[in-house]
Amino acid sequence: EPEVTQTPSHQVTQMGQEVILRCVPISNHLYFYWYRQILGQKVEFLVSFYNNEISEKSEIFDDQFSVERPDGSNFTLKIRSTKLEDSAMYFCASSATHGNEQFFGPGTRLTVL
Amino acid sequence: GNSVTQMEGPVTLSEEAFLTINCTYTATGYPSLFWYVQYPGEGLQLLLKATKADDKGSNKGFEATYRKETTSFHLEKGSVQVSDSAVYFCALSDSAGGTSYGKLTFGQGTILTVHP
Numbered sequence: 140e141p142e143v144t145q146t147p148s149h150q151v152t153q154m155g156q157e158v159i160l161r162c163v164p165i166s167n168h169l170y171f172y173w174y175r176q177i178l179g180q181k182v183e184f185l186v187s188f189y190n191n192e193i194s195e196k197s198e199i200f201d202d203q204f205s206v207e208r209p210d211g212s213n214f215t216l217k218i219r220s221t222k223l224e225d226s227a228m229y230f231c232a233s234s235a236t237h238g239n240e241q242f243f244g245p246g247t248r249l250t251v252l
Numbered sequence: 003g004n005s006v007t008q009m010e011g012p013v014t015l016s017e018e019a020f021l022t023i024n025c026t027y028t029a030t031g032y033p034s035l036f037w038y039v040q041y042p043g044e045g046l047q048l049l050l051k052a053t054k055a056d057d058k059g060s061n062k063g064f065e066a067t068y069r070k071e072t073t074s075f076h077l078e079k080g081s082v083q084v085s086d087s088a089v090y091f092c093a094l095s096d097s098a099g100g101t102s103y104g105k106l107t108f109g110q111g112t113i114l115t116v117h118p
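Going down the list, the sequences are from chains A and B.
So in the working numbering, spot 56 of the first sequence is number 195, and the numbers just go up one at a time.
So in the working numbering, spot 108 of the second sequence is number 110, and the numbers just go up one at a time.
Chain B extracted, bound-state conformation (with noise of 0.2 Å):
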């Protein structure tokens, strides 16, 4: 079955420090490939997505490629700000063209705080 696997977590970084959250998938077929962002008390926020291999999300200075020989889709931000604070998951659908009603599988989330 389809799997997804974030690098373990806590993230701590100083404010303008570079960012990467490792994110690897396993599936069959051609998944979409999605970073969600969760902030304290609210739900989750689509933050960028790819649908097909090469492709690059981007979206608020954070970006992630679709890496289709290496089946990763890792998150990366130049310069984080305090205000990046929050949960990142990466998730993928199955979905694309498929029978799969669109359910996204996630990886368990990686908790980022940044200090100023």
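Same shape as in the complex, but just chain A (with noise of 0.2 Å):
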């Protein structure tokens, strides 16, 4: 059966330093996404991304964090500068269409230290 795969699984990084979080959508896939959960709180949604570009962020997702699909099957999130309070639980997630089932990754795990 065909799934999200996510890479690392857990990263230590000192603050002000730069990350990026892989993952590999189901190949058929055309939707994707990137959530986070900081401990003990709710999962929250950053980004979408649709036809090689975004179609949608939040708050969260200010100019510290991109996304980019460089080639035909990696989806990257990239932190430019860590701050402590990025320490979270990353998932990345796609779709076939939008609005429908979204299957997620295992996650990474952010510390910054």
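Because the hints were derived from the structure by calculation, they are not lab data.
Quick reminder that beta carbons are idealized off the backbone N, C-alpha and C, glycines included.
Here are the simulated BS3-like pairs of lysine-lysine, each with C-alpha atoms no more than 25 Å apart in a straight line:
(1) A:Lys181 with B:Lys70
(2) B:Lys70 with B:Lys51
(3) A:Lys196 with A:Lys222
(4) B:Lys54 with B:Lys79
(5) A:Lys196 with A:Lys217
(6) A:Lys196 with A:Lys181
(7) A:Lys181 with B:Lys79
(8) A:Lys181 with A:Lys217
(9) B:Lys62 with B:Lys79
(10) B:Lys51 with A:Lys196
(11) A:Lys222 with A:Lys181
(12) A:Lys181 with B:Lys51
Okay, the calculated beta carbon distance ranges per label pair:
(13) A:Ile193 with B:Asp57: 23 to 33 Å
(14) A:Thr250 with B:Gly11: 17 to 27 Å
(15) B:Ser60 with A:Glu198: 27 to 37 Å
(16) A:Arg219 with B:Gly80: 49 to 59 Å
(17) B:Ser87 with A:Ser148: 17 to 27 Å
(18) B:Asp56 with A:Glu142: 27 to 37 Å
Put the two chains together into one complex, using the hints given.
What follows is the structure in structure tokens.
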């Protein structure tokens, strides 16, 4: 069964460093998403991506964040200068059509020291 | 804006007990409603969904009915098993016919532990 994969499973970084979180969505899907969950809080939407551009973003997704689909398979989330408050679990998701089921990856736990 | 509220957890039950996890929502328009489950060490998996009022979603013995009049989508299971131990998330998407690209708004999650 096809699945969404994410790497790394755990990333530890120093405050101010850049990190790139990687995701491989399901191959025939067209809509891609990033969510995050700070420990003990809700899963929050960050950004959606369709047709090689951002289709929607939340107020969390400021200029420090960017997304890219550099080739036909990967979907990346970059944080340019990490802050302590960026520590969270980051989930990637994809769907075949919008409004339909989103398939989630296992998440990347980001720890900013 | 949209919001989802789940009952406070964690919930601890004995095997074969009846489960209810409450979920209420606030949304403009006519959202689709979902329950996602997260087993330890895994990503979120769709458990069931309902796309319009009075629809009942069901899967693996779980069910939930989309109640527009009470803005609720409570999750129920008649007899839980140890293997149902997981975190359960209620969520909505307001993308049906709208301009949103399907973003999900989640509740805070409810940890369910089932003892033998």
